[in-house]
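Visitor: Below are the chains, spelled out letter by letter.
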Amino acid sequence: MTPILQSQELGKKYGRRWALRDCTLEIPAGRVVGLVGPNGAGKSTFLKLAAGQLAPTSGGITVLGGRPADGPAQLAKIGFVAQDTPVYPRLTVADHLRLGAGLNPGWDAGLARQRIERLGLDPAQRAGGLSGGQRAQLALTMGLAKRPRLLLLDEPVASLDPLARREFLQGLMEAVVEYELSVVLSSHLLSDLERACDHLIVLTGSRVRVAGEVERLLATHHRLSGPRREPGRLPADQHVITARHADRQSTVIVRADGPILDPSWSVSHLTLEDLVLAYMDRQADQHTDEPARAITLEGRR
Amino acid sequence: MIWLTWRQLRGGAAMVSGALVVLAAALALTGPGLAAGYAEGITGCLRDGDCTRFFDRFFDEYQTPFLGVTVIVLVLPAVTGLFWGAPLITHELEAGTHLLVWNQTITRTRWLAVKLGITGLAAMAAAGIASLAVTWWSGPLDRSAEPGFTMMDPLVFGARGIAPVGYAAFAFILGVTVGILVRRTLPAMALTLVVFAAIQIAMPSLVRPHLMPPVRSVVELGPVNIDQFLVPDDGSPRMLLESAVPGQTGAWVLSSRLLDPAGRPIDDGTGEAALPISVASGACARQEGAGSPKGHMETCVAEINRLGYRQAATYHPFERFWAFQWIETGVYALLTLALTGLCLRWVRRRLS
Amino acid sequence: MIEFHLDARSGVSPYLQLVHQVRHALRLGLLREGDRLPTVKDVVARLAINPNTVLKAYRELEHEGLVAARPGVGTFVTRTLANASLAAHEPLRRELRRWLAKARLAGLDDESIEALFSTTFRSAAEEDIA
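Residue numbers (our numbering), protein chains in the order written: chain A, 1 to 301; chain B, 302 to 653; chain C, 654 to 783.
No wet-lab data here; the hints were simulated from the structure.
These numbers were taken from a predicted model, which means no experiment stands behind them.
C-beta: ideal position from N, C-alpha, C; glycine also.
Please note that a few of the clues may not be correct.
Claimed, not checked - Below, a sample of chain B positions facing chain A; criterion: calculated Cβ distance under 10 Å:
#1 M302
#2 F384
#3 E393
#4 T398
#5 H399
#6 Q626
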């Protein structure tokens, strides 16, 4: 399957600071990809690069076979809902739909109308008077009604209350089924995305720490605990993510493609949250400038 | 995109058109009366042979509205530049809506081109309408204006003809450019105002005089180019030159110096000079009971001319008014195009 | 039709929870042969979960021979797990009730009853294997 998004050594610098660097990724089509990392990790930068709102400082990115925002045809293929879901406060809901219809040849007016109706939004209401949840839904409606093949969402639920958050994700997931969308959405909280995504990218300190299918990530990462030992003494196919050593005991989180055969380890599975935290910890332990190669696990089906 | 731009401009456009309608109505109501008064006065004064008194009286009578409408036309480009130009992009940047609109199926170049085109044309149209209406209305006054207020003079020149259209286009694109660079509305508006005001002052004082080579002429002194002439009982007669050249009504006088018979300027740079002529005897000597003071002055001036004192003036004749209007509008159009190119480039490459 | 729900704290992966819930409903006779499962879109819209999770659960059920997908129509139950045993449920339930009453009479609280049941259940299962 051809990837929907591919980046090689992608980097973006603001002034002297790298917001994102050495980002080499492949995202297969038809996935809901969660982009997780603390604030300022480079999530917005990555999404803006993918949407073509920013030009890369180094490296390259290909989305759906083209350079992002390289002409109208390319713009039509990608939907982007920016952080804080901006809308024109003085325009009404109906105005926004009219705007979308006027600016997008592929606009699905039926979809837009139905969604607005089902959400119970008043078309005559000014967007500035909408609640955060309603505004997010309006922005999502605009993103969906242009009928993109890839939808990028930057922290779409960060500012929503739990109910609005759930409603937003429900609408999004429904659209994924209905319109066969690929989605990349970011959040600084894994819990927002855990159920929704089947592919995960962990981004900290402007670098990608790990990326891959959620299932495969869970299947290949293990927590080993047992008598204290030196971390160097592990089989070659086991890569230590984090290691904690007490007086007599060692607890190690490893990535291993094969089974763990050493009987002195007691092996337990990780939750997705444990896994993400392990990679974030690891980043905190290391020097941030060390070119830690991102570990990319290709999704196989 | 056209609809969106119009939708965003609607409020401001309504306000400016409202103001223009009020201005046009006021001018339309008073204009015919003004023209009739002028026609009546001019036939009267032509019969008498001297129209100077009528011109002075007529111009004085309408000076306040004359200055008022002139200032309106001068200020309008700055207003549209400030309130339409500067916020055009900063509003989007501040609300983040540029990210919404840039993700619609429209390139940034087209987005900006449409925004600039429509809003810029609206600003130019507003300035053009205001300028044409005021040019029409003040026609009689411009014909009777005293030196310093003729159509060639910097204050009035910028409020007549087509130049305000050029100013409006430039002020608008200047506002947009500053907005794109500063990225925040209020600072952008302030900076736009400062830069535009500086350019509007620099243009007539530093640039416009050199757009065409001025005419230089040395002429005899007379009532047209003498503002004040004092003949004291003792000492030297003092003369203050008027910024006017005989036979060149309405000319834009750049300099006016008093030359002595040897051709050396003797004034202090402002056109004021003391003439080394005896008032004790000769033509300029006061003669008790002989003729009116006016006659005495004329005799004295004639003597001064005979001695070889002259006015040396550099000026642009009134006939150059439209040539200057076109050149100046062209200069602003070029500046506008340059800034437009810069904006398009910046929005395509740098902004996000 | 079955209504799915998810327990975020159970530690069981969402797709397995869906599979368990279908099996459970089949056992209890809440789902019968010919019943239609909710469409992927319905489940996704209700639970706000990834569609692939639902697809995977349905595939798993299909693999077990419990349901069959008819393209364009939906996913239907093809087999029930309750057929023979469903009739026996009622007498067994009555016996269990009596046993519970006895246990309470003997002074066991809810926790002790549960502990007793699960240890007995487990040791019986081990004996069966052995």
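Visitor: If a hint holds in the structure, say so; if it doesn't, say that too.
Guide: Status of the hints after comparison with the structure:
1. M302: holds (6 Å)
2. F384: Where the cut-off is 10 Å and the nearest Cβ of chain A is about 15 Å from F384(B), the hint is violated.
3. E393: holds (9 Å)
4. T398: Nearest chain A Cβ about 5 Å off; hint holds.
5. H399: holds (8 Å)
6. Q626: violated (39 Å)
Hint check: violations occur at hints 2, 6; the rest are consistent with the structure.
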